[in-house]
Amino acid sequence: MRLLSYLISELKHSHRFVLFFIFNLCIGLSGFIALDGFKSSIDHTMKKKSRQVLGADLSLSARRPLESKEVDLVFKNLPVGSVETEVVELYSMVQFPNGSTRLVKIKAVSENYPFYGGVRVRSHYEIQSNFDSLLKSNSSIWVFSELMAQGDLNIGSQLKIGEATFLVDQVIVDDTTSGMGASFAPTIYMSVDSLKKTNLIRKGSVAWHSRLYQLPPSTHLEALTESLFRKIPSQDIRLTTHTEASAQVGRLLQSLNDYLGLAAVVALFLAAVGTGFLFRSYFQRKIQEVAILVSLGLTKTQASFYYFTQIVLLGLMSVILALILSFFLVPMIHALTSEFLPFEFEYVLTLKTVIVSLFVGVFGSLFICLPFLGQLKKIQPVVLLSESIDLRATNSVTSKNSYFEYRFIFLCLPGFLMFWGLSVWQASSLVAGTVFVGAFLSAGVVLIVCGSVALKLIEKIQIRPRRWIALQWALRDLARERLTSISCFLALGLGAVLLNLIPQVQESLEYELSSPKTSKLPSLFMFDIQEDQLAIVQAVFDEAGVELTQVSPMIQSRLISVNNEEFDKGKGAGQGLSREEEREMRFRNRGFNLSYRDGLSESETLHSGQPLVGRFEESSGMIPGISMEKRFARRLNLKIGDFLKFEIEGVPVEGKIVNLRSVRWTSFQPNFFIQFQPGVLEMAPKTFIATSEAASESIKVRLQRDLVEKAPNVSIIDVTRLVEKISAVVRQMGLALQTMAILCLISGFVVIFSILSHQMEKKRWQIGLKKVLGADYKVIQRYIYLQYLILAMFSAFLGVTVSVVFSYILSQVLFESVWVFSWKAPLFSTLLIFVITLGVIFVSSKKYLRQTTKSLLNVS
Amino acid sequence: MIIVKNILKKFTQGTTQVCAVNKVSFQVEKGKTLAIVGPSGSGKTTLLSLLAGLDRPDSGEITISEQTLSTLNEEELSHFRGTNMGIVFQQFHLMPQLTAVENVRLPLDIHGTFNAREKALKALDDVGLAKRADHLPNQLSGGECQRVAIARATVVEPQILFADEPSGNLDTETGKKISEVLFGLVRKKHMTMILVTHDLELASQCDSMIRIEGGVLH
Ligand SMILES: Nc1ncnc2c1ncn2[C@@H]1O[C@H](COP(=O)(O)OP(=O)(O)OP(=O)(O)O)[C@@H](O)[C@H]1O
Ligand SMILES: [Mg+2]
Chain A
860 MRLLSYLISE LKHSHRFVLF FIFNLCIGLS GFIALDGFKS SIDHTMKKKS
910 RQVLGADLSL SARRPLESKE VDLVFKNLPV GSVETEVVEL YSMVQFPNGS
960 TRLVKIKAVS ENYPFYGGVR VRSHYEIQSN FDSLLKSNSS IWVFSELMAQ
1010 GDLNIGSQLK IGEATFLVDQ VIVDDTTSGM GASFAPTIYM SVDSLKKTNL
1060 IRKGSVAWHS RLYQLPPSTH LEALTESLFR KIPSQDIRLT THTEASAQVG
1110 RLLQSLNDYL GLAAVVALFL AAVGTGFLFR SYFQRKIQEV AILVSLGLTK
1160 TQASFYYFTQ IVLLGLMSVI LALILSFFLV PMIHALTSEF LPFEFEYVLT
1210 LKTVIVSLFV GVFGSLFICL PFLGQLKKIQ PVVLLSESID LRATNSVTSK
1260 NSYFEYRFIF LCLPGFLMFW GLSVWQASSL VAGTVFVGAF LSAGVVLIVC
1310 GSVALKLIEK IQIRPRRWIA LQWALRDLAR ERLTSISCFL ALGLGAVLLN
1360 LIPQVQESLE YELSSPKTSK LPSLFMFDIQ EDQLAIVQAV FDEAGVELTQ
1410 VSPMIQSRLI SVNNEEFDKG KGAGQGLSRE EEREMRFRNR GFNLSYRDGL
1460 SESETLHSGQ PLVGRFEESS GMIPGISMEK RFARRLNLKI GDFLKFEIEG
1510 VPVEGKIVNL RSVRWTSFQP NFFIQFQPGV LEMAPKTFIA TSEAASESIK
1560 VRLQRDLVEK APNVSIIDVT RLVEKISAVV RQMGLALQTM AILCLISGFV
1610 VIFSILSHQM EKKRWQIGLK KVLGADYKVI QRYIYLQYLI LAMFSAFLGV
1660 TVSVVFSYIL SQVLFESVWV FSWKAPLFST LLIFVITLGV IFVSSKKYLR
1710 QTTKSLLNVS
Chain B
995 MIIVKNILKK FTQGTTQVCA VNKVSFQVEK GKTLAIVGPS GSGKTTLLSL
1045 LAGLDRPDSG EITISEQTLS TLNEEELSHF RGTNMGIVFQ QFHLMPQLTA
1095 VENVRLPLDI HGTFNAREKA LKALDDVGLA KRADHLPNQL SGGECQRVAI
1145 ARATVVEPQI LFADEPSGNL DTETGKKISE VLFGLVRKKH MTMILVTHDL
1195 ELASQCDSMI RIEGGVLH
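These protein sequence lines are chains A and B, in that order.
Heads up, the first sequence is in the working numbering, so the first residue is 860 and it goes up one at a time.
Heads up, the second sequence is in the working numbering, so the first residue is 995 and it goes up one at a time.
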């Protein structure tokens, strides 16, 4: 059809519109596409490398030694040709010959380990899975290179671990099975036989005992796992497939990606708003032309088709450009998130990413333009016959035609649904996505309401025109052109919200983590203290003159039944589950740690129910009370009054939930999900957790050294170091989020720019007329600048306020943390919006202000 | 043949109702020209828009070449208009980004006619503008723009031509030339023409004339 070539020529003629449309949408899409590309590349890499992360196809593990009947049961049910190997992992302190101490992860392996992947040692370039030399000698260890430096170790150096002494045999520079924790507690490899010599594993020690399996390649892993799971009677045993294992390793990155995804959706949303505005002004210029075409015999269907084609074409071009841009953006995202990724990855543009981008780009553009295209129906060629029509005015959205207003809103729905869908998808959670969209909408509503009220007030302001004519004109225009004022206000305000929200939340998180004043962080955190060691540990601290605080018992148990119904251990196959459901499934699969304490600790507050009072007396004939962390209860679907039955080493223990409490986990105090009333668990086998607020670094070093000597199996976490580590992670997350925020910002500029240039186009008549009537250049300039600067200041101020409120709610509800007001971010965002608006007005008004009156009044 | 029977068109302006065209009936034979005259605000343009199917009457019936307009839906009406009618506006209404010849061929392209460029050039030649075929509207004078518009209205060789004050935006001299071109074309192609004008001299060139005042035929 020849119409297509008109279409091209029309687009060529409106190159400014085309350029802006594509640029804008492309910016919005590129963040989205890059992120999707990044995610699918990770998925791709994970799929390829997941076996290397686990080192096997499947693992069976528990936080206690596996019983031989359990191991036999599983192995019997594996396909012929399966191979097994034993691995034990635990944390322990080591003291280096140079006197320094460090928490390390000890990984004891046995014959056949690993089936896939492995380590790269300093003397070899390739990843190797040959551990023969380690397994043959019962005094060799392989050590992560980081420890070598810290402990001044060399190959052949001696190192005491627990009660045995080892020789460093190899230095490990890379390990396919190590995740993020490796930087906090580097790994030392030894054989399972060697581990026994150390005597580190005692009753109640935190250690993971596993069997890894290699299965014949034809095995259907999911089905096998499913059937095995049903056959295993114990509830505290976990089966982990290699895909689950690698997903767990990338979990933190995944949640970061979820947040990044939301930011990307916001950028896309802002870009969509900008594109909508661009299209609106373009389309309103076209209305007269459409009317002419209709008078020449073009049908409305043809006209719609024509514009649809145009939009699809523009959408396609944006997608292609954005896909190209993504090749630059993905390495950037990767660099920003490298901390969270356990392995190298390559960027592959998958077909899925391409299809998703095409879908979002093309349908997105259509949905954005749909409300305006809906007005095609309204165009009547009869307007061509009226002499002095201002087509732009008569056909604008402002017309008091309620049918078209409803229709407009109705036609906005597909776009909105898409926004919602994308949010849910990107956040991988229906709740999070919906809450996000809801918050976003309510911010919008707040802005609109405040804006309307402000305009009402402005209308009331009386200004003496003789002296303040520019201000009077500016205020009058703001008040009269309500719709435009409010849309500018909304775009600027939402921009301010987003710009300010992320740094605000980040500030609070960092503050909480770094400031000991508010949360009184302990400096050392000890776990795995055996009952008989408690006195020894106490003595070490007494000697150093440091108080041992928060000594809390920890008892391992299994939850048997809830209200006399067997506790469903539910196995998440992982398919089609949202992140929340997945989390819950993993959760249900666990043994539980119990503790007892009377009253609440500093970091706990009672949420609902009665406090636990006094000691439980067997003779009272009552049921012991349980206090449960409230989110934990919600996830397990438990409530006050529920009757729980646990089993501790074969002995049943019963209790009833009497209260729910909330816990500030960032306090790093020993806190437990489940606390019993004192008087119930005292006799159960247990270990202790304790903290200390050792003041100086030298005392800390001394304490750690003494403890390693006298109670070698007690693990010590240097909280100060950990907090530094976490702060670094939070900062990096913030950095990644800020990159996305910048995308939002650019989209925001385009929105402002498109609105303002549309405004200027509409204003050229007024400007011309005012000139003809004798207003001088200066007055007109002042009037234009004043109008938009007032708008910008007000929306920036309100937007920032809304974001501060949001950040408060987020800190309280989502992170349950301290909230601090940071003045830097709001000041920065307000200033930024101010400056940008100034720039945009300058650029977009210059053309019209300088034009001669003659050309201003010239119609076409 | 155009048959107009009892057509009525009302507009609401605020709270009052204005009867822009009030029970008007008349007929125009095929190949004849008719002038509609009357003072400003008398309903001429409204009547024309009803005849050209750009708007619909509240009551009454318009039949053009045996086709009753009220029986057509909007899409069919658009199509009927494109093949049977040409309209010349007072403000020309050319597409600013298209050249003269591209403007003229627009209706041909809408219908997917072959050899559109040749036909368009022929039509431009008929109005004496063959040489300016590749100019954009803003490079043409008002009179030239109107000639392009006339070429565009006649390029599909419609049976009926509607013109609303075709020389209203032009000076007397240019206006005269435009009406010469217009009448020349109408005679040559045996078109029926309905012309709205203030200019009684122009009206007198038509085969017949009707006078409308306050929406009523006199
Ligand atoms: N869309 C409309 N809405 C309301 N009233 C209208 C509309 N169009 C026309 N009118 C009214 O109908 C009457 C006839 O208008 P019309 O434009 O047909 O007059 P006219 O004879 O063409 O005048 P002129 O010679 O000035 O062009 C006028 O009173 C006008 O105000
Ligand atoms: Mg008129």
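No lab work stands behind these hints: they were computed from the structure.
A hint or two may mislead.
As the list claims (entries may be wrong) - With a cut-off of at most 20 Å between alpha-carbon atoms, the simulated EDC-like pairs for lysine to aspartate or glutamate come out as follows:
#	chain 1	residue 1	chain 2	residue 2
1	A	Lys1159	B	Glu1070
2	A	Lys1159	B	Glu1068
3	A	Lys1237	B	Glu1069
4	A	Lys1236	B	Asp1128
5	B	Lys1182	B	Asp1193
6	A	Lys1237	B	Asp1103
7	A	Lys1056	A	Asp931
8	A	Lys1237	B	Asp1049
9	A	Lys1159	B	Asp1049
10	A	Lys1236	B	Asp1049
11	A	Lys1236	B	Glu1068
12	A	Lys1159	B	Glu1069
13	A	Lys1237	B	Asp1052
14	A	Lys1236	B	Glu1070
15	A	Lys1159	B	Asp1128
16	A	Lys871	B	Glu1070
17	A	Lys871	B	Glu1068
18	A	Lys1237	B	Asp1128
To be verified - Just a sample of chain A residues kept apart from chain B, beta carbon distances all over 10 Å, derived:
#	residue
19	Glu869
20	Ser899
21	Glu1148
22	Thr1160
23	Asp1565
Note that beta-carbon positions come from the ideal geometry of N, C-alpha and C, so glycine has one too.
Hint check:
1. Only pairs whose Cα atoms come within 20 Å are accepted, and A:Lys1159 paired with B:Glu1070 is accepted, the gap being roughly 10 Å.
2. A C-alpha spacing of about 8 Å is found between A:Lys1159 and B:Glu1068, which places the hinted pair at or below 20 Å, so the restraint holds.
3. Between A:Lys1237 and B:Glu1069 the alpha-carbon distance is near 14 Å, which keeps this suggested pair within the 20 Å criterion.
4. Note on A:Lys1236 and B:Asp1128: the hinted pairing is violated, with a Cα-Cα distance of about 33 Å set against a maximum of 20 Å.
5. The straight-line distance between the Cα atoms of B:Lys1182 and B:Asp1193 is roughly 23 Å, outside the 20 Å bound, and the hint therefore fails.
6. The suggested pairing of A:Lys1237 with B:Asp1103 is violated, with an alpha-carbon distance near 24 Å, which exceeds 20 Å.
7. Only pairs whose Cα atoms come within 20 Å are accepted, and A:Lys1056 paired with A:Asp931 is rejected, the gap being roughly 25 Å.
8. A threshold of 20 Å between alpha carbons decides the hint, and for A:Lys1237 with B:Asp1049 the separation of about 12 Å falls inside it, so the pair holds.
9. The suggested pairing of A:Lys1159 with B:Asp1049 holds, with an alpha-carbon distance near 15 Å, which does not exceed 20 Å.
10. Taking the CA atoms of A:Lys1236 and B:Asp1049, the gap is about 14 Å. The hint holds against a cut of 20 Å.
11. At most 20 Å may separate the alpha-carbon atoms for a hinted pair to count; A:Lys1236 and B:Glu1068 meet this at roughly 10 Å.
12. For a cut-off of 20 Å, the pair hint linking A:Lys1159 to B:Glu1069 stands: about 7 Å separates their Cα positions.
13. Taking the CA atoms of A:Lys1237 and B:Asp1052, the gap is about 18 Å. The hint holds against a cut of 20 Å.
14. Distance hint between A:Lys1236 and B:Glu1070 is fulfilled; the C-alpha atoms sit about 15 Å from each other, no more than 20 Å.
15. The straight-line distance between the Cα atoms of A:Lys1159 and B:Asp1128 is roughly 29 Å, outside the 20 Å bound, and the hint therefore fails.
16. A C-alpha spacing of about 31 Å is found between A:Lys871 and B:Glu1070, which places the hinted pair above 20 Å, so the restraint is violated.
17. Using a Cα cut-off of 20 Å, the hinted pair A:Lys871 and B:Glu1068 is violated, with the two alpha carbons roughly 31 Å apart.
18. At most 20 Å may separate the alpha-carbon atoms for a hinted pair to count; A:Lys1237 and B:Asp1128 exceed this at roughly 33 Å.
19. Its beta-carbon lying about 6 Å from the closest one in chain B, A:Glu869 breaks the requirement of being farther than 10 Å from that chain.
20. Chain B leaves A:Ser899 outside its interface by the beta-carbon criterion, the shortest separation being 42 Å against a cut-off of 10 Å.
21. For A:Glu1148, the condition that its CB be more than 10 Å from all CB atoms of chain B is violated, with the nearest at approximately 6 Å.
22. Not every CB of chain B is more than 10 Å from the CB of A:Thr1160 (nearest about 6 Å), against its label as outside the interface.
23. At roughly 86 Å from the closest C-beta of chain B, the C-beta of A:Asp1565 stays outside 10 Å, upholding its exclusion from the interface.
Hint compliance for this structure: hints 4, 5, 6, 7, 15, 16, 17, 18, 19, 21 and 22 are broken, all remaining hints hold.
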